[in-house]
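**Student:** Take a look at the letters that make up each chain.
There are 2 protein chains.
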Amino acid sequence: MSLVLTSLCRTESTVCRHPTAFTRAFSSNTSKKRFRSSSHQETKQFRWKLAAAASGAVVGMVTYNYIQNKPDLTFLRKPVQAKSDPVYSSADVAQHADKQSGIWVTYQDSVYDITGFVESHPGGEKILMGAGGPIDAFWNMYAVHKTPEVLQILEQYRIGKLSRRDQKAINLNDPFANEPFRLPVLRINSQKPFNAEPPLEVLTDSFITPNELFYVRNHLPVPDFDLENFKLEVLVGGRKLALSVDEIKKKYKPVTITTTIQCAGNRRQEMSQYQNVKGLTWGACAIGTARWTGVRLRDILLDAGFDLNDNRFKHIQFNGNDKDITKSSYGGSIPKHKAMSIDGDVIIAYKMNGVDIPRDHGYPLRVIVPGYVGARNVKWLHQVVASDEESSSHWQRNDYKVFSPSTTFETADYKKAQSIQEMPVISAISTPAEGSKVESDDGVIEVKGYAWSGGGRDIIRVDVSADGGKTWKEANLVKDKPGADDSTHSWAWSLWNAEVEVTPGKKNEIVCKAIDSAYNCQPEFIGPIWNLRGFLTNAWHRISVEVEDDE
Amino acid sequence: MSLVLTSLCRTESTVCRHPTAFTRAFSSNTSKKRFRSSSHQETKQFRWKLAAAASGAVVGMVTYNYIQNKPDLTFLRKPVQAKSDPVYSSADVAQHADKQSGIWVTYQDSVYDITGFVESHPGGEKILMGAGGPIDAFWNMYAVHKTPEVLQILEQYRIGKLSRRDQKAINLNDPFANEPFRLPVLRINSQKPFNAEPPLEVLTDSFITPNELFYVRNHLPVPDFDLENFKLEVLVGGRKLALSVDEIKKKYKPVTITTTIQCAGNRRQEMSQYQNVKGLTWGACAIGTARWTGVRLRDILLDAGFDLNDNRFKHIQFNGNDKDITKSSYGGSIPKHKAMSIDGDVIIAYKMNGVDIPRDHGYPLRVIVPGYVGARNVKWLHQVVASDEESSSHWQRNDYKVFSPSTTFETADYKKAQSIQEMPVISAISTPAEGSKVESDDGVIEVKGYAWSGGGRDIIRVDVSADGGKTWKEANLVKDKPGADDSTHSWAWSLWNAEVEVTPGKKNEIVCKAIDSAYNCQPEFIGPIWNLRGFLTNAWHRISVEVEDDE
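Residue numbers (full-length UniProt numbering), protein chains in the order written: chain Z, 1 to 551; chain H, 1 to 551.
Excised from the complex, chain Z in its bound form (with noise of 0.2 angstroms):
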């Protein structure tokens, strides 16, 4: 107990103002006994006032380490328990692995039996891998796991603990032992795997987004590659085609395209704000542009035998090389018509800004589909299969999906829902700050910021309103330059400039909202496209500046 409290008190004093109560009631919790007692409703109770003491110091920490920009992930341990526990030994463990005998695992130094929380599982059947042994290594895979609300939820289902001799016994690997320098400034919403946004303060200070400060969404370690050995697979039906970074690059027309690369998740932290929902609390700088340089997909494929006619094949699959604790490989899928089409512009990089593709983008080959959500700019990329059916991977039939507001986890139906794909309009202010004062110039002040619209659809205006929406000015679009690349397509960003005037001496509220070449716009509010999974958050972004009255 006493790590944990002196972790959270540490971060942030102020939400931890009664340690004594804190302690009390979070030692409380130690005693099985009491835990599993009759007094069902105060257990309830107790752990209700938990759930919000442990958020308001999560939240603290969470302030406190943006600040600081180190992550501190100790509030992931789990309390040290009380001497009165059952011990188990890994062998007694073990024998718990079936459905029959009971779903046991240990945490760290703790044995859960998840029997009946299996069917619950958000991952599905995947949580049968632990069964009968430690999971600290699938946390470590999944990040995802590694919330406050995850481990109270584990915690429910806590039985006694694990004994001294098996805790030390078991060798936790680290998969995540050899990742890429990644510089400091990057604001990090997971280390393991890496997770990471630039400061929205420079984000849109150059219309190309250096490597350097690009997002890095991973979802598994980045791999080793030994090049030398290294052939990128193409299945076509029954035929296979190796390509080694070399033949790729001598033997197809070698092409640059500029285009924005989005997370879904981008701006997930405002919808997480509105209501809670599960994934990375990314703010808004998920999303970069860079100019990549590689091949046509379609040229391969049509190498490798690819029959356009051929209507068995619907979906062009991608395996990457980052590979999970099963050795299951991250993938996704794209439909055929926009891996085939010449106006797609999908291409097999070799190149990120003119220089090898950082090992963090996906060194030495990465799918780029532009216009698409970046999950499907499949990293590390070591295999192309055309297939009649989408990528079977997690990531494409369990995740990358939207529901409806009024969509729960025990409704959501994964099948129904559509993979995203071509993403819809967005934007964002970078400058001024939320919450920052700014001074402003005869009651004018210049706001900043970026919008972008996926499957090639250009940004046609920009509206900035500092009434929070009443009234409204239209923006300056700034955009790359004619002829840049070999498409002819829109599938960068504009970033935007506007000079609006403002009432000094209070709040005022900012407002910016895109319009697509398709006349789509942003919503007004995220109720209404509030998903679970807090995936496509793209409502008019909001920030309220203190402006200072003129001298």
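Just so you know, the hints here were simulated from the structure itself, not pulled from any lab data.
Bear in mind the structure is a predicted one, so any value in this text is a computation, not a measurement.
Don't take every hint at face value.
[What the hints assert, rightly or not] Short derived list, chain Z residues pointing at chain H, Cβ under 8 angstroms:
#1 Pro405
#2 Gly454
#3 Arg461
#4 Gly469
#5 Phe525
#6 Leu536
For each residue, glycine too, the CB sits at the ideal point set by N, CA and C.
Using the hints provided, position chain H relative to the given structure of chain Z.
**Tutor:** Using the frame of chain Z, we list chain H on its own:
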């Protein structure tokens, strides 16, 4: 005066409770001296009163006409003027035909000096075509003038009346003498040119809209065709290809494309209810779906010598055979990439739902531009031109563009704004009808409607709410038969139905919103998309129904 008043009172007695006061107010206007007196303030006040009275009368009339389905256009007749007016001859008027001597025109029996108005004419310099003569024929041609508001503007410039002899001498040829037969069930928004839509309650009864019930959006009179001598002209650089309809049918591969066509003004009625806009008052039925048979525009252009790598050409222009009073025709254009892409599915059609295209829909040839605004699906096609610029037609350059809600007619920059081409996502409820009383089945009612998006983006979800948008039910989608035509894209609408829980004994606000395959969604409210021309009203569709108590 009596004529107008009689007409107003006949149509809706409730709006004319005080004919005497109304007569007094109106007749005071007939004295030119009074009208131009120094008592400017009084005149202004009187004009407002008049506008209010006239607006009320018109609302009543429109309501009445809607019910009767027989539009009464007598309000367009100007009031008969008092005898004291100065009298001018046609020769007098003809001497004022340029800015130096002033711009005079006549309308019906009156003479106007519109020199001060020419600059503010929304249609630009086209107004000068009427200088020095009668504008009646132009107003017959451009229905947009035929509103009480425009008539009021004109009245401000009245300087006298036209001699009786010259009134008779002006021969007002009716270019609309040879219009085709139309079903009386259509709801007419403008008689000349003819603009009408089917009733909402039948619109979604079939996936394919019957030709006779397909909305008609004519900008000019329906032209006659001498099919024997007709040749479609295709101009590519210096080359010209001329093709008869038979040659088109024989020379190129026929294809059938099923597409939804929608007018940019669909649902304008709702936008004008929010705040007044300029344009025809369409309900939610300026949309329909048909199977069009023809040949690919791409095939014809390639045959005419179009070189895909020739960057001179950026737009493909279309000219119809429907002509205005100056013999210039309706026109529009689309970007080259849409016209030439195999994926674009642009065809020159000669059949609509299996029969020769009806006269109202473009006989004998019509461009079909799937996923684009109706206005570019040019009817009565007689010319295709490859060009470096957009069509110079009024409807391409100075119409069918959308501005921000804060843009006025004074600040609208038509050169900067982008032409509407690809359409945004939209949906509407077809049953139950707005304001109707419905019986629920154990607290449940069935709701039906349509949903569509441009650009070939499929509808992936329609959410329906019976509590104004607090909770949502996912609708069942009804789509076209797979393989029903020669396209692999989703150019046609989805029909939908849903059973929603309602609260009997009170009014329920039923709402729908659709999401397309790029996860674009509809805006919640009209305010933020309001635009002076009332285009693209794609906010959530809302109706209010009285649910009767269960017995």
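**Student:** With chain H as the partner, please determine if Gly469(Z) meets the hint condition of a C-beta pair closer than 8 angstroms.
**Tutor:** holds, 6 angstroms
**Student:** Please check whether Pro405(Z) passes as an interface residue: C-beta within 8 angstroms of a C-beta belonging to chain H.
**Tutor:** holds, 6 angstroms
**Student:** For the hint on Gly454(Z), just tell me whether its beta-carbon gets within less than 8 angstroms of chain H.
**Tutor:** OK, holds: Gly454(Z) within 8 angstroms of chain H, min 5 angstroms.
**Student:** Does Leu536(Z) pass the interface hint, meaning its C-beta sits closer than 8 angstroms to a C-beta of chain H?
**Tutor:** holds, 5 angstroms
**Student:** Would you check whether Phe525(Z) satisfies its interface hint, that is, whether its CB is within less than 8 angstroms of any CB in chain H?
**Tutor:** Because about 6 angstroms separates Phe525(Z) from the closest Cβ in chain H, which is inside the 8 angstroms limit, the hint holds.
**Student:** When the nearest CB of chain H is found for Arg461(Z), is that gap smaller than 8 angstroms?
**Tutor:** holds, 7 angstroms
Violated hints: none; the structure is consistent with every hint.
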